[in-house]
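Asker: One letter stands for each residue in the lines below.
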Amino acid sequence: MKIVSTYVKEMKIAFRGFYVYIEIFVAIIALIILLVAVKENPEGKSEEYLYNDIPSEILQDLYEKDIEKGSIRFIEDTELTIKPGVFTVLNKDTGFEETFEYKEEKTVIAKTYQKLNTDTGEVKGKAYVLENEEDMIRLSNSTGKVGATTTMDASGNFSFKYYLQGYETKRYSDVLYLLHTFSEDDIKAAMDQQTTRKIGGSGRLNNREAVVPIFIAFSGALMSFFIIMSYVFLDKSQGVIKAFAVTPSSVWKYLLSKILVMLTTVLISSSIVVIPIMKLKPNYLLLFLFLIASTFLFSCFGLLIASFFDNISKAFGVLYLTMIGLMLPAFSYYISSFDPLWIRFLPTYPILEGFKGIMKGQADVPYILTYTLVFLVGGGILLALANFRFEKSLTV
Amino acid sequence: MISVKNLSHSYSNDDKLAVKNISFEVEKGETFGFLGPSGAGKSTTQGILTGLLKQQQGEVTVAGYDIKKVQNERFNKIGVSFEQSNVYSKLTALENLKYYADLFDVPTRDPHELLKLVGLETRENDRAGEFSKGMKHRLTFARSMINRPELWFLDEPTTGLDPAIAAIIKDIIRSEKANGTTSFLTTHNMYIADELCDRVAFIIDGEIKLIDTPKNLKQQYGKKLVEIEYVKEGKICKETLKTVDDSDRKKIADIIKSYSIQTLHSKEATLEEIFIQVTGRGLI
Numbered sequence: 048m049k050i051v052s053t054y055v056k057e058m059k060i061a062f063r064g065f066y067v068y069i070e071i072f073v074a075i076i077a078l079i080i081l082l083v084a085v086k087e088n089p090e091g092k093s094e095e096y097l098y099n100d101i102p103s104e105i106l107q108d109l110y111e112k113d114i115e116k117g118s119i120r121f122i123e124d125t126e127l128t129i130k131p132g133v134f135t136v137l138n139k140d141t142g143f144e145e146t147f148e149y150k151e152e153k154t155v156i157a158k159t160y161q162k163l164n165t166d167t168g169e170v171k172g173k174a175y176v177l178e179n180e181e182d183m184i185r186l187s188n189s190t191g192k193v194g195a196t197t198t199m200d201a202s203g204n205f206s207f208k209y210y211l212q213g214y215e216t217k218r219y220s221d222v223l224y225l226l227h228t229f230s231e232d233d234i235k236a237a238m239d240q241q242t243t244r245k246i247g248g249s250g251r252l253n254n255r256e257a258v259v260p261i262f263i264a265f266s267g268a269l270m271s272f273f274i275i276m277s278y279v280f281l282d283k284s285q286g287v288i289k290a291f292a293v294t295p296s297s298v299w300k301y302l303l304s305k306i307l308v309m310l311t312t313v314l315i316s317s318s319i320v321v322i323p324i325m326k327l328k329p330n331y332l333l334l335f336l337f338l339i340a341s342t343f344l345f346s347c348f349g350l351l352i353a354s355f356f357d358n359i360s361k362a363f364g365v366l367y368l369t370m371i372g373l374m375l376p377a378f379s380y381y382i383s384s385f386d387p388l389w390i391r392f393l394p395t396y397p398i399l400e401g402f403k404g405i406m407k408g409q410a411d412v413p414y415i416l417t418y419t420l421v422f423l424v425g426g427g428i429l430l431a432l433a434n435f436r437f438e439k440s441l442t443v
Numbered sequence: 629m630i631s632v633k634n635l636s637h638s639y640s641n642d643d644k645l646a647v648k649n650i651s652f653e654v655e656k657g658e659t660f661g662f663l664g665p666s667g668a669g670k671s672t673t674q675g676i677l678t679g680l681l682k683q684q685q686g687e688v689t690v691a692g693y694d695i696k697k698v699q700n701e702r703f704n705k706i707g708v709s710f711e712q713s714n715v716y717s718k719l720t721a722l723e724n725l726k727y728y729a730d731l732f733d734v735p736t737r738d739p740h741e742l743l744k745l746v747g748l749e750t751r752e753n754d755r756a757g758e759f760s761k762g763m764k765h766r767l768t769f770a771r772s773m774i775n776r777p778e779l780w781f782l783d784e785p786t787t788g789l790d791p792a793i794a795a796i797i798k799d800i801i802r803s804e805k806a807n808g809t810t811s812f813l814t815t816h817n818m819y820i821a822d823e824l825c826d827r828v829a830f831i832i833d834g835e836i837k838l839i840d841t842p843k844n845l846k847q848q849y850g851k852k853l854v855e856i857e858y859v860k861e862g863k864i865c866k867e868t869l870k871t872v873d874d875s876d877r878k879k880i881a882d883i884i885k886s887y888s889i890q891t892l893h894s895k896e897a898t899l900e901e902i903f904i905q906v907t908g909r910g911l912i
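So the sequence lines, in the order shown, correspond to chains A and B. Residue numbers for the first sequence follow my numbering, beginning at 48 and rising by one. Residue numbers for the second sequence follow my numbering, beginning at 629 and rising by one.
Among these hints, one or two may not hold up.
Every beta carbon over 12 Å from chain A, so not counted as near; a handful from chain B, in silico [unchecked claim]: (1) Glu711; (2) Ser713; (3) Asn817; (4) Glu835; (5) Asp873.
DSS-like, lysine-lysine: derived pairs with alpha carbons at most 27 Å apart [claimed, not checked]: (6) Lys696/B / Lys439/A; (7) Lys439/A / Lys744/B; (8) Lys153/A / Lys192/A; (9) Lys644/B / Lys59/A; (10) Lys696/B / Lys59/A; (11) Lys112/A / Lys235/A; (12) Lys870/B / Lys289/A; (13) Lys112/A / Lys59/A; (14) Lys846/B / Lys289/A; (15) Lys300/A / Lys644/B.
Derived by calculation from the structure, the hints in this document are not laboratory data. Keep in mind the model is a prediction, meaning the values are calculated, not measured. The beta carbon of each residue, even a glycine, is placed where N, CA and C say it ideally should be.
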């Protein structure tokens with residue numbers, strides 16, 4: 048009964064303050080941004096400039112075949128402006144250098160195609176096809192993007208010449224070389240012989256969905272670490288903790304009521320973002336269980352830290368550094384190649400991985416349940432420590 | 629109701645003691661004043677008695693509980709009115725009292741009745757954050773009565789209140805005393821102590837210098853004089869006469885019988901004067 052009264056009181060105070068509204072406001076803003084500004088499958092960013100030295104009837108036939116296959120799609124004729132400039136082109140095979148100098152700006156028309164994934168229809172990039180090789184070279188240089196010339200000899204064989212910027216890796220130029228040296232079947236056969244390990248299940252999150260795990264892990268669970276400290280420091284500044292300390296109610300009930308408020312507000316703010324974007328894709332039972340466990344962990348951690356300080360100003364250094372540290376796994380989340388062993392020990396790492404799996408609708412249930420248990424036990428230990436600390440320091 | 633034996637306390641856990649080996653007892657139904665200037669050790673002592681500070685040395689029993697043992701149920705018998713108002717500013721006055729009422733395991737008082745008692749009945753649905761300092765103090769005071777405490781700790785109960793409100797608070801304290809409540813009143817205001825306390829303790833530099841009833845202290849340290857002003861042949865005359873001297877007592881009687889009396893004051897010492905006399909220090 049006391050815990051219910053304290054929880055109801057805390058909820059009243061929370062909804063009469065501004066932290067809750069900030070959380071809800073941030074969630075709504077995040078939702079709007081995700082729905083309006085983040086495309087589910089954005090157009091690929093790769094762009095290239097092409098010149099084809101191929102008889103027009105053959106070229107037309109090749110394009111029609113590719114369009115029919117679904118690997119390209121004609122969009123429009125695009126007007127491109129080429130700025131004046133001076134640059135040098137080095138032929139890597141011959142070592143021959145050629146300098147180009149242009150003093151006048153030039154406007155050209157390019158046929159624009161989207162490059163598509165034939166299986167999914169996903170846009171992979173954009174190609175501008177030009178009528179003049181020199182214009183293609185100028186555009187490649189001025190935009191810093193790849194240019195290519197395709198030539199067909201009298202026997203009907205194609206050759207390819209790429210215009211790169213010079214800073215590309217050898218691996219990249221080797222790939223371009225391989226693409227045109229070996230047949231598609233040979234490359235596929237070689238790839239099939241490679242041992243590969245699939246990370247994070249077979250499902251896939253689109254660009255918009257991929258932001259959701261980050262949002263609920265950081266703006267939801269991790270933010271509870273900060274907000275619960277704010278609530279405790281507010282109580283300390285008002286002296287109400289002393290008044291609570293001279294009642295028969297236990298300190299742990301006070302602390303638990305704060306955690307319950309955190310859980311309530313995090314569930315609300317996370318639902319605002321998750322439900323409209325993910326719809327029925329995630330297992331919501333698992334999602335809310337994991338969200339409760341991770342929020343519980345960070346709330347208890349926040350309480351423990353708060354027990355060492357009198358006010359938020361004194362705690363700010365620890366608060367700031369801790370939050371920055373706990374956000375580092377976001378790099379691993381977005382950059383697959385950045386996955387050092389030490390980062391896996393940060394609790395936000397399994398939280399992000401867990402939420403990602405749940406969002407994909409292909410959660411690794413034993414993984415989620417194991418970490419749920421770990422977070423609940425870990426949170427319980429932190430809560431016990433915080434309770435011990437507060438019993439000694441809450442009232443002074 | 630309170631028994632303190634050889635209590636000492638150090639905030640720095642060394643030989644710098646804020647309270648030095650003090651001992652006293654408070655009887656059931658008594659109003660006990662703990663008087664001293666700022667930094668004397670009043671709040672430290674009250675902090676230990678209310679459990680807000682950890683007991684380090686000595687023996688302390690409060691409301692029948694040894695406070696070294698953690699027994700939260702003892703707070704069902706205790707009420708604490710803090711000097712600094714500490715109510716939830718985002719809750720209304722009524723919500724504040726209702727919430728605290730829920731924290732006790734014993735039958736509690738009607739919050740409406742308490743708010744009426746301290747003159748806040750018309751503001752019960754206003755948030756405490758909108759209250760003046762005095763109103764918050766009254767709300768804090770009212771909250772301390774919510775569990776009908778047998779032992780009531782009052783820390784500067786009238787400080788910062790206007791005289792009318794202070795009079796109401798004093799009346800409430802007297803009324804609770806009449807109902808058998810034991811009060812431990814911490815203050816540096818000797819007039820309040822004089823009006824309300826059965827016994828007072830003077831504490832300074834962490835040590836109790838004296839414990840007695842205000843009446844005994846006045847008798848012991850007072851001057852036993854009467855100052856009298858009267859009109860004689862159209863002129864105002866003023867005389868100070870000893871109440872223990874037979875000739876002076878006869879003279880007082882003659883003056884009262886023969887002349888028109890303008891003012892008549894006994895010159896007994898105030899508690900403040902006695903405090904200064906005993907401790908050699910003022911109360912501020």
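Asker: Indicate, hint by hint, whether the structure satisfies it.
Answerer: Structure-based check of all given hints:
With a minimum CB-CB distance of about 10 Å to chain A, Glu711/B fails to clear the 12 Å threshold, and the non-interface call is violated. In this structure Ser713/B is not separated from chain A by more than 12 Å, as the shortest Cβ-Cβ distance comes to only about 8 Å. Under the 12 Å C-beta cut-off, the non-interface status given to Asn817/B relative to chain A holds; the minimum distance is some 21 Å. With a closest Cβ-Cβ approach of about 23 Å to chain A, Glu835/B is found to remain outside the 12 Å limit, as its non-interface label requires.
Remark: the non-interface label on Asp873/B is consistent with the geometry, its nearest Cβ contact in chain A lying 53 Å away (cut-off 12 Å). The straight-line distance between the Cα atoms of Lys696/B and Lys439/A is roughly 13 Å, inside the 27 Å bound, and the hint therefore holds. Simply put, Lys439/A and Lys744/B have alpha-carbon atoms about 36 Å apart, too far for the 27 Å limit, and the pair is violated. Between Lys153/A and Lys192/A the CA atoms are separated by roughly 18 Å; this keeps the pair inside 27 Å, and the hint holds.
Using a Cα cut-off of 27 Å, the hinted pair Lys644/B and Lys59/A is violated, with the two alpha carbons roughly 44 Å apart. Of the pairs offered as hints, the one joining Lys696/B and Lys59/A is violated, with about 35 Å between alpha carbons and a cut-off of 27 Å exceeded. Our distance criterion of 27 Å between C-alpha atoms is met by Lys112/A and Lys235/A, whose separation comes to about 21 Å. Straight-line distance between C-alpha atoms of Lys870/B and Lys289/A comes to about 51 Å, which puts the hinted pair past the 27 Å bound.
The hinted pair formed by Lys112/A and Lys59/A fails the criterion: a straight-line CA distance of about 67 Å is larger than 27 Å. Restraint check for Lys846/B and Lys289/A: not satisfied, since their Cα atoms lie roughly 37 Å apart, outside the 27 Å limit. Taking the CA atoms of Lys300/A and Lys644/B, the gap is near 35 Å; set against the 27 Å cutoff, the hint is violated.
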